[in-house]
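Sequence lines, in order, name chains A and X. Just so you know, we're using the working numbering here: the first sequence kicks off at 1 and counts up by one. Just so you know, we're using the working numbering here: the second sequence kicks off at 1 and counts up by one.
Source of the hints: derived by calculation from the structure; they are not laboratory data. There may be inaccurate statements among the hints.
[Said to hold, decoys possible] Which residues of chain X face chain A? A few of them, derived with a C-beta cut under 10 Å, are:
1. G132
2. Q326
3. D337
4. G364
5. Y365
6. A436
7. N438
8. I440
[Unchecked claim] Here are the simulated BS3-like pairs of lysine-lysine, each with C-alpha atoms no more than 30 Å apart in a straight line:
9. X:K509 - A:K40
10. X:K501 - X:K242
11. X:K188 - A:K34
12. A:K43 - A:K116
13. A:K34 - X:K456
14. A:K13 - X:K456
15. A:K39 - A:K108
16. A:K35 - X:K464
17. A:K60 - A:K34
18. A:K13 - X:K201
19. X:K28 - X:K188
20. X:K121 - X:K30
21. A:K13 - A:K60
22. A:K108 - X:K266
23. X:K201 - A:K114
24. A:K35 - A:K74
25. A:K65 - A:K34
26. X:K201 - A:K43
27. A:K43 - A:K71
28. A:K13 - X:K242
29. A:K13 - X:K266
30. X:K28 - A:K60
31. A:K13 - A:K43
32. A:K35 - X:K201
33. A:K13 - X:K463
34. A:K39 - X:K242
35. X:K121 - X:K456
36. A:K35 - A:K66
37. A:K71 - A:K60
38. X:K188 - X:K24
39. A:K114 - A:K71
40. A:K13 - X:K464
Glycine included, every Cβ here is placed at the ideal spot set by N, Cα and C.
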Amino acid sequence: MEEIEEKTNSEEKDYSIYQDINIDNILYSTIIPKKNQEKKPYKAIDPREIYVFIPGTILKIFVEKKDKVKKGEKLITFQAMKMDNVLLAPMDGVIENVFVKEGENVNKSQILIKIK
Amino acid sequence: MSVKQKTIDLRKRMQEALQGGGSKAIEKQKATGKLTARERIVTLLDPNSFFEYDLFVEHSGKDFDMDKKYLPGDGVLTGTGTINGHPVCIYAQDFTVAGGSLGYMHAKKITKIMDHAMKLKVPIIGINDSGGARIQEGVNSLAGYGEIFYRNTLASGVIPQISVILGPCAGGAVYSPALTDFVFVVDKISKMFITGPEVIKTVLGEEISMEELGGARVQAELTGNAHFFAESEEECFDQIKKLVSFIPWNNTKKAEAFPKKSPKTKSYKIDSVFPTNPQLPYDVRSIIKAISDDSDFLEIHERWAANIVVGFARLNGQSVGFVANQPLVLAGVLDVDSSDKAARFIRYCNAFNIPLVTLVDLPGYLPGIDQEHAGVIRHGAKILYAYSEATVPKITVILRKAYGGGYIAMCSNHLRADFVFAWPTAEIAVMGPEGAANIIFRSEILAAENPEEMRKKKIAEYKKKFANPYVAAAYGYVDAVIDPSETRHFLIHALDISKDKQEARPYKKHGIPPF
């Protein structure tokens, strides 16, 4: 039988290189990978803000600032992936602002229109 | 012509075909640090064991003046050979011939060797190095891909399928590796993606290099598409040779038994790496090495979802698949990726008759909005499904924490583990003591004069009573509480006794796992 070393346990090791993670109110010291550290804080979706969901080009804008719109009304047509897409008003309301112009190239997650 | 003359003619024809894309193209291939298709096969297989088939196959393209072109072997080498003396079928795309592009006859060569592998019940190894579909052959090249994917699916779980990405593998081509069991990549050489950087730039306006989009590191660390990462092609071939030593040649066989070896107990001592305090980390791979033959552990998906460890080792010469929570990373929690990783490995072991050894030490599932929204319910369920479905010998050792849903998921008695052992350091409970005490003694804590003191007292009370293996053992959910130093002994006993295990499952066409 091999001799079992006396200095066996954790207390003598240096755990300061690790970070803490809280799971069910208990802190565990561990390595937290970069992917888990780079988490973006959660932002609730505001249905009054209309964003680009796919990059493309604005073809036509049907509304202006202060226009009253009804749910389902056409707001913008734009071209992306060789398709014409139509953006409709998600609710009744008044246009608070239009952030783009006809012919403009838009990128993903860019804001288009805000409704009051 | 005499036999001799005919033989000379044969040699001449062979010479021509063996040149591949010619010296210039070969030079270009070498300049990028790559071996040629033929060199790759010869390096991977046992010396002088390669027999080539279909050297004289020619492409069938008629349009765009393709009929005037000669493409040696149509850009792919196929054949049979041996690794460690065992037969395999193999193909390697030859980038020096028309960029390794896949036309109809190129695909036919591949599907022919795949059919061969299925009939002979031997592994199929595919070396991918191709620019993609041969556009000139139009829908025929798509047909070729489709025929390969269909065969990959039929062969899945019947013969081992290994994909080696040694160059570009783009567009539809990626789906053959994705359907196979193990994908090997090499740094700076492998590139996999569905849509390349150019398309992404024109359509989305986002700029990214091939390497950043789908290089070896991305596939091995970020996406989990690749199981093994190597710095060079030679290292990659060594990894393949090692892997095939652990797995059986088809699903009717068991993995080859090796002479038994003791663990390297001088380098790996359970006692010196294992902290009894459940909040402290250690590398669970040291525990695996401390109990495995020769302390030899082949880790799969080493760089992806490192909060769970999976891979092959041997106990008394017999191959086993280890699944172990890794307290070193993210405290060993289950999350979307680690569930995915473990479930796939469990299903692999079950399909190929490799017993499963599960080492448990986890605080539960990873909390977070991103996890919930990424579908941790659906992904987490994969582990439960895979363990419950598995009928190979299933042996579980609970090292420390086994809390809540995590306890159930990690091959508990309830998912029909054949043996559940626990170390005396095990804490099998519905949740961590802090959380449990806060809920159970809530009113007492709130009503106390000094709530903080009362909380501490109640946590200590709960810990003493429930943070141990004996409550679970009292119900028979744990079969034996064992001395950690005897773990290997108990595992070998469990494996020996379950050699002829048979367990029936209700008849079904197939289940519907949550993927």
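| query | CA of K35 (chain A) to CA of K464 (chain X), is that 30 Å or under? | reply | 37 Å, violated
| task | For the pair supplied as a hint, K501 (chain X) and K242 (chain X), confirm whether the alpha-carbon distance does not exceed 30 Å. | result | Since the Cα atoms of K501 (chain X) and K242 (chain X) sit roughly 27 Å apart, the hinted pair holds (cutoff 30 Å).
| message | So if I understand the rule, the pair passes when the alpha-carbon distance is 30 Å or less; does K13 (chain A) with K456 (chain X) pass? | response | 26 Å, holds
| request: Please verify that hint: A436 (chain X), Cβ, nearest Cβ of chain A, below 10 Å or not. | output: With a minimum Cβ separation of about 8 Å from chain A (threshold 10 Å), the hint on A436 (chain X) holds.
| request: Take the C-alpha atoms of K13 (chain A) and K60 (chain A), compute the straight-line distance between them, and say whether it is at most 30 Å. | output: 66 Å, violated
| Are the Cα atoms of K188 (chain X) and K34 (chain A) separated by 30 Å or less? | OK: K188 (chain X) and K34 (chain A) at ~22 Å, within 30 Å.
| message | Between the alpha carbons of K35 (chain A) and K66 (chain A), is the straight-line distance 30 Å or under? | response | 43 Å, violated
| message | For a C-alpha distance cap of 30 Å, please report whether K121 (chain X) and K30 (chain X) respect it. | response | 34 Å, violated
| query | Is K13 (chain A) close enough to K201 (chain X), meaning Cα to Cα at most 30 Å? | reply | 50 Å, violated
| request: Given the hint that K39 (chain A) pairs with K242 (chain X), test it: the Cα-Cα distance must not exceed 30 Å. | output: 37 Å, violated
| field | Given hint K463 (chain X) paired with K13 (chain A) - CA-CA distance at most 30 Å | value | Cα-Cα ~24 Å, so holds.
| query | Can the hint on Y365 (chain X) be confirmed by a CB-to-CB distance to chain A that is less than 10 Å? | reply | Y365 (chain X) check passes; min Cβ-Cβ to chain A is 8 Å, inside 10 Å.
Violated hints, in rising order: 1, 8, 9, 13, 16, 17, 18, 20, 21, 22, 24, 25, 28, 30, 31, 34, 35, 36; the structure is consistent with all others.
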